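Chemist: Residue numbers (this note's numbering), protein chains in the order written: chain D, 1 to 289; chain R, 1 to 194.
Check the hints yourself; a few may be wrong.
Over 12 Å on every C-beta distance to chain D, these chain R residues come out as not near it, computed from the model [claimed, not checked]:
| hint | residue |
| --- | --- |
| 1 | 8 |
| 2 | 114 |
| 3 | 128 |
| 4 | 155 |
| 5 | 161 |
| 6 | 168 |
Subject to a maximum C-alpha distance of 25 Å in a straight line, what follows is the list of computed SDA-like cross-link-like pairs (lysine to any residue) [as the list claims (entries may be wrong)]:
| hint | chain 1 | residue 1 | chain 2 | residue 2 |
| --- | --- | --- | --- | --- |
| 7 | R | 167 | D | 127 |
| 8 | D | 153 | R | 161 |
| 9 | D | 41 | R | 102 |
| 10 | D | 66 | R | 91 |
| 11 | D | 41 | R | 167 |
| 12 | D | 66 | R | 92 |
| 13 | D | 32 | R | 104 |
| 14 | D | 250 | D | 205 |
Computed beta-carbon distance windows for the label pairs [to be verified]:
| hint | chain 1 | residue 1 | chain 2 | residue 2 | range |
| --- | --- | --- | --- | --- | --- |
| 15 | D | 22 | R | 100 | 18 to 28 Å |
| 16 | R | 171 | D | 55 | 10 to 20 Å |
| 17 | D | 220 | R | 163 | 46 to 56 Å |
Since the hints were made in silico from the structure, they are not lab data.
Source: prediction; values computed, not measured.
Glycine included, every Cβ here is placed at the ideal spot set by N, Cα and C.
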Amino acid sequence: MTQILTAFGWFAAIAAVLGIILAAASKIFFVKTDERIEKIKECLPGANCGGCGYAGCEALACAIAKGEAPVNACNSCSDEDIKNISKIMGISEDIKTVRMRAQVMCSGTKDLAKKKYIYEGVSDCVAANRLSGGDKVCPNGCIGLGTCVAACKFDAIRIINGVAAIDYEKCRSCGACVSACPKKLIRLVPENIPYWVGCMSADKGAITRSYCDAGCIGCKLCEKNCESGAIKVTNNVAEIDYTKCVGCGKCESVCPRKIIWSAYKKASVETAEPANPESIKSPAETDVK
Amino acid sequence: MSISAILSLIVTAILAENYIFSKFLGCCPFLGLSENPSNALGMGCAVTFVMTLSSLITSLINKYILIAFDLEYLQTIAFILVIAALVQLIEMFLKKSVPALYSALGIYLPLITTNCAILGAALLCVQSGYDPLTSTIYGFASGLGFTLAIVVFAGVREKVAFADIPKSFAGFPIALVTAGLLAMAFAGFSGISV
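Same shape as in the complex, but just chain D:
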């Protein structure tokens, strides 16, 4: 019994001494921290995707609290989160944010785009790209091995028929896929754009036609038919000025290659779950696994 008591007594004494030292130290080394940082951090998604350019959500919270970053610096925040952050920061006026989403600028699914060889290496677009720019003949075609899928922290990308497709609902526009894609085929576009051109081939029409049935041939039909002057064909590929596009849909109907997509139509097709996934699964998809 005495032994237990001695042990108890001495340990209590050691702990008390250490406790006092620590208590004193916490007074001496007291650092005033901004309590807003914690609150802001709670509003941020916490995925640490790095899309804002800071090391993580905590770093962004610090930057916002210091006023170095705007309250809407995080693309992944919902409008409500941004409102909450502005409330914490004491900013009352409504902050308009242009929400963005990622878009894969390629329509060359594996039955439409020709391949120059059969790739059997590592299932990674960067690796495939090193082998003379991937297996597609098109130098600007989606390789479809899913490097962007792996980069996406929000599970918003799937490979459908050999081409990456973004789930617009899940995309938080962090830009991880944009930097992951070795072909630079993924862009961040305003979330609610009505139309987009699904090709980035800069080759002349005849050449593009020779290797892909879904390539922009630069025929300028869309440019001529666009009433608001939003489409320009530059470098043999049509490009839509999203600030001018009114969403009339003329370009979609005149495009002979059917590569001007109505964002929402395509989204509903791509995100729809196939009835029997096993039977529809393409070889390209199986490769990714």
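Fit chain R to the known structure of chain D by using the hints.
Modeler: Relative to the frame of chain D, chain R by itself:
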């Protein structure tokens, strides 16, 4: 203790019986914080500081409390208590004085608490029967050995990061291979008798 004995103790603790490369203690921060030499140096200094102080305090506690009152069977608990308090202290100090290092060390700083190298140093001192002064010297030298190992390793890793490594080896696997090669290099010191 003669000067030559102390010198031999120091050299042995730094090179021949390096905590990481020969005793394989403290591998967690060694692998986790060796991506660039300056952070590694910071971690090494923190570990050296905690190791030196904890060796001194634990050997004092051991000598004047645990042995004196027949409480040696509680060594581990007593030592952990001291180490935890020391780490807490150094954490507060760094947060105030070197915030950059504090954020760079991140989670590894509190993890020094459970770093086996530090508890190992304290326990080894007791087992070898060192007096408090020798323990302190031993703890400091062991900390220097840890710092040397982590800084050398970080330097190598920094170079390796730019090398063209097969994808399956990139990152952690090549780090482990590097650590193994370094351990083999340090094994050469074990033949030295000082």
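Chemist: Do residue 22 of chain D and residue 100 of chain R keep their Cβ atoms within the hinted range of 18 to 28 Å?
Modeler: At 23 Å between Cβs, range holds.
Chemist: Does the claim that residue 128 of chain R lies outside the interface with chain D hold up, using a Cβ gap greater than 12 Å?
Modeler: 23 Å, holds
Chemist: That 46 to 56 Å hint for residue 220 of chain D and residue 163 of chain R (C-beta), does it hold up?
Modeler: The hint (46 to 56 Å, Cβ to Cβ) holds, given that residue 220 of chain D and residue 163 of chain R are roughly 49 Å apart.
Chemist: Take the C-alpha atoms of residue 153 of chain D and residue 161 of chain R, compute the straight-line distance between them, and say whether it is at most 25 Å.
Modeler: Status holds; Cα separation ~24 Å.
Chemist: Would you check whether the claim that residue 114 of chain R is not at the interface survives, using Cβ distances to chain D and the 12 Å cut-off?
Modeler: Given a closest Cβ separation of 17 Å, the condition holds.
Chemist: Starting from residue 250 of chain D, check that the Cα of residue 205 of chain D is at most 25 Å away, please.
Modeler: Holds. Residue 250 of chain D to residue 205 of chain D sits at ~21 Å (cutoff 25 Å).
Chemist: Far enough from chain D: is every CB of that chain over 12 Å from the CB of residue 161 of chain R?
Modeler: It holds; residue 161 of chain R is separated from chain D by about 17 Å at its closest Cβ, greater than 12 Å.
Chemist: Residue 66 of chain D and residue 92 of chain R were given as a pair; does the straight-line alpha-carbon distance stay at or below 25 Å?
Modeler: 22 Å, holds
Chemist: Starting from the range 10 to 20 Å, see whether the pair residue 171 of chain R and residue 55 of chain D falls in it by beta-carbon distance.
Modeler: Given about 18 Å between the Cβ atoms, the range holds.
Chemist: Given the hint that residue 41 of chain D pairs with residue 167 of chain R, test it: the Cα-Cα distance must not exceed 25 Å.
Modeler: 35 Å, violated
Chemist: Is the Cβ of residue 155 of chain R more than 12 Å away from each Cβ in chain D?
Modeler: Answer for residue 155 of chain R: holds, closest chain D Cβ roughly 23 Å.
Chemist: Measuring Cβ to Cβ, find out whether residue 8 of chain R lies farther than 12 Å from everything in chain D.
Modeler: 33 Å, holds
The structure is inconsistent with the numbered hints 6 and 11, although it conforms to all the rest.
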